[in-house]
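Trainee: Letter by letter, the chains look like this.
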Amino acid sequence: MALLEVRGLNKRFGGLTAVEDLSFGLENGEILGLIGPNGAGKTTLFNLVTGFHRPDTGTVFFKGEDITGLRPHQICNRGLARTFQITQPFANLTVLENVKIGAYNRTPSSREATQEALRILETVGLYEKRNELASALSVGHRKNLELAKALATRPELVLLDEVVAGLNPKETDTIIDYINRIQNQRITILLIEHVMKAIMSLCNRIVVIHYGKKIAEGVPQDISKNPKVIEAYLGEEYILAKNQ
Amino acid sequence: MSSTNHRIRDLFVIGAVGAFLLILPQFLGRYFIHLITMIFFFGYLGMAWNILGGYAGQFSFGHAAFFGVGAFTSTLLQIHVGVNPWIGMFLAGIGGLLLGLSIGSLSFRYGLRGPYFALAMLALAEMLRLLAVEWMAAKYPLGITIPLKGDSFWYFQFKSKVPYYYISLIMMAAVLYLTRMIEGRRMGSYFKAIRENENAADALGINVFKYKLLAMAISSFLTAVGGTFYAQYYLTIEEESAFGVGISIEVLLGPIIGGAGTVLGPVLGAGILEILSEVTRNILGAYSGVHLMVYGAILIVVIIFLPSGILGGLQMAFWKLSKGK
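Chains as they are written, first to last, in this note's numbering: chain W, 86 to 329; chain S, 7 to 331.
In case anyone wonders, no lab produced these hints; they're calculated from the structure.
Straight line, CA to CA, 20 Å or less: simulated EDC-like cross-link-like pairs of lysine to aspartate or glutamate:
1. K282(W) - E115(W)
2. K148(W) - E112(W)
3. K145(S) - E246(S)
4. K145(S) - E244(S)
5. K326(S) - E217(W)
6. K326(S) - E213(W)
Required output: the full structure, derived from the provided sequences and hints.
Mentor: Structural data, given as structure tokens:
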């Protein structure tokens, strides 16, 4: 049974179709990459899966249970966590408190939550920053914090929305390393990313969407050669020019 | 090791301050006892507001609604049904709580945030005030007076101001302890998470609606209990002193000045405001109205230069100093 299964999802905002008849599945332990040009509907899809938007039609199954239309906190409590593309720190709280709030999802004890939060801060390289205010962190560290908060809820599946975008190459390498470590803890990952280096080195499988529709699905090597994908990214003329 | 030392030091400080406050009335006259009672009392109300407004970030501009409901509930029960004021105090709390849950579930269900929630609360308090005005104009044109029963603990009436001093001290200490408890636990962290970022809180598994209602329940219960204390202190109530905008503002000014979302901020703020208002009144009382202008001007200065209140500002300064090293 697939860990996550999305069946025939549709979402319209007024006259704009953001997601159209989208279906895919995600197996336990996989890292699935979700790519597509800007405005393809990737973040909308995340919002549909995590309960921030309600789909017009279609169903989302998590561990075999229909979670369509549940509230975000209910979905998180079932073991599906997410990060936000635009980081959402609790700005006036310390880094440790930020992560502790996630850890409280699994334990009411302040001591246990602190221990869990410290453990995770170590995993994502923020241990030294634990007593700083979240608002004082650099962009790179904020991305790590976003990851730490999601992990603290002890998810089985985590949806990462562009955790690498906007980072320098060194920061990119460290976060790729963290994501690999997360997978080693048997957490399944669904990843939205524009940075191809991250996608190619991390993902077992890739789903490409364009104008809300799935246009390709497969292993990274095949996807990078798929003419439909190249067209979506570079435009039809590029292909025509190349073939001449 | 060091945490045990901290514990011992904290206990020592609490013991010393407690003992000092317990014997203090022996050395003070009626005026100062009244002044300190008001500091305790508005510290108490400020802390009650602070749980909802400071920690959970739901800025209520109409806590007079709960305060007034509390004052009216115990007073009317006492006069018409003969309910003992101590029991009335508890029932007042329940009344405030029920009102809090109703307005809370309505406004939180429909996602009223920030200024919209503040205005909804203001409208609620004003509505109740106008109802009281209409109703009292016919029945109690001179305000409701609680019949005198002499000096009696049972009837919550005292000739001396000292018992009120102690009662308000206990009320303040109890809520201080409650706030400290909440802050160190999951509930407090969840309140702060909701204040900082509701979407992020929701994504981390926090039932935002439930925790907002919880903050509202605690806050409205305590505020209504305060309303009963106020009624028993003056032994008379009227619509303006119970439901007036003045009460709503006074309740939230303490935490704003002292530091919203901190344990001691509301008490500190209440102390500063009460003393400031007394001092300006004494010095400038001869020019009627001037003391209010000075009072207002000082408040503006504090809010401009210390937007997160005195304790919040100190915390920031401390943070910057420790980073500077």
